[in-house]
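Peer 1: So the sequence shown is residues 64 to 372, counted in the numbering used here.
Read the hints as simulated data drawn from the structure, not as lab findings.
Since this is a predicted model, take the numbers as computed values, not measurements.
One thing to keep in mind: the hints can contain errors.
Said to hold, decoys possible - Subject to a maximum C-alpha distance of 35 Å in a straight line, what follows is the list of computed DSBU-like cross-link-like pairs (lysine-lysine): (1) Lys281 with Lys180; (2) Lys180 with Lys142; (3) Lys69 with Lys145; (4) Lys160 with Lys227; (5) Lys178 with Lys241; (6) Lys325 with Lys257; (7) Lys142 with Lys178; (8) Lys241 with Lys300; (9) Lys142 with Lys160; (10) Lys80 with Lys227; (11) Lys241 with Lys281; (12) Lys257 with Lys156; (13) Lys178 with Lys156.
Stated by the list, open to error - Label pairs and their calculated CB-CB ranges: (14) Pro347 with Leu270: 35 to 41 Å; (15) Asp245 with Gln309: 36 to 42 Å; (16) Ala137 with Ser157: 18 to 24 Å; (17) Ser335 with Val369: 15 to 21 Å.
All residues carry an ideal CB built from backbone N, CA and C; glycine is no exception.
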Amino acid sequence: MTPGEKTAFYFRIFARKNIQERAVMIGLAVGILLNLINHPEIISRLSFRDVHAGRVFLTFLVPYLVTAYSSILAFTSLKPGKVSHITGDLSCKSCGKTEYHVHVGEEIAQCPVCKDKTRWELAGVITTEESDDEILESLALFARYNPQPLFRVSARGIIIDSNKASERMLETTVPEGKALGDLIPDLGSTDLRKIISDAEELRVTILLHGRYYNLVLKGVPALRSVHIYGNDVTEIKLAEQKIREQAKSIDESLRYSWYIQKAMLPSGRLLSTVFPSSFVFFRPRDIVSGDFYWINQTGHLKIAAVADC
64 MTPGEKTAFY FRIFARKNIQ ERAVMIGLAV GILLNLINHP EIISRLSFRD
114 VHAGRVFLTF LVPYLVTAYS SILAFTSLKP GKVSHITGDL SCKSCGKTEY
164 HVHVGEEIAQ CPVCKDKTRW ELAGVITTEE SDDEILESLA LFARYNPQPL
214 FRVSARGIII DSNKASERML ETTVPEGKAL GDLIPDLGST DLRKIISDAE
264 ELRVTILLHG RYYNLVLKGV PALRSVHIYG NDVTEIKLAE QKIREQAKSI
314 DESLRYSWYI QKAMLPSGRL LSTVFPSSFV FFRPRDIVSG DFYWINQTGH
364 LKIAAVADC
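Work the whole structure out from these sequences, hints included.
Peer 2: Here is the structure:
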């Protein structure tokens, strides 16, 4: 992001309606108060004769500019843990190595290298949102068209918003207003208030209505809610279960084969009879060895065979 692009971006933020309204209101209120303190004759004598126009103007201008500046800083704050009003690219000033893409409504993460020393700066801006309401609208739009279950829950465990995929998952057409614990019993005892206050991220796997879901519960303190992102992993779970069953079957077959192989190998008694001063080091990599040995004696002829299969 070039200096010119960054300046243009900050001017666009400065021109936002909510920032201007707040700056004007505070500028007027503080300016009037300061002018009355500095020029009491305005009230006592209703006289403007000794009032300096330039100073009066600055008395209004300074609090207006300070308020606007602080609002811009708050809006563009890139501190980890805050909810982003920006969709764009960030780069870490501390290490100069990490680049990070953030979405509107997403909690800004720490740099994996710098951790607590993270200092993000704007590298590029795609879109911005003006207020928390717009963030919620953006999140709702994102959730509405997402093929995976997405819904928001209040600190009391009441579902605030959801998408069609979550309705299919919960098997209810209007989950809003219902208790999370009633629809997903596995989450009934979850401390949602702590997840929100600590901005935690909790990952769980649940079985609901015959299907498996991986859920990510993400606390968003700025919006006083928990965002739950679901992922249907039923096919994966069934495949894992099938693999485990196949592995068990193969293991049982190998062990059965080992008993057959063990019965075919020469006994320790035969070995000590044919070769009294000897030993065998036989250590299969798996249960059944791909190699085997065999010994026998015919008259005075002693036979030893080692085979690689």
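Peer 1: Hints numbered earlier in the text: which of these fail when held up against the supplied structure?
Peer 2: Hints 4, 5 and 6 are the ones this structure does not satisfy, whereas the remaining hints hold.
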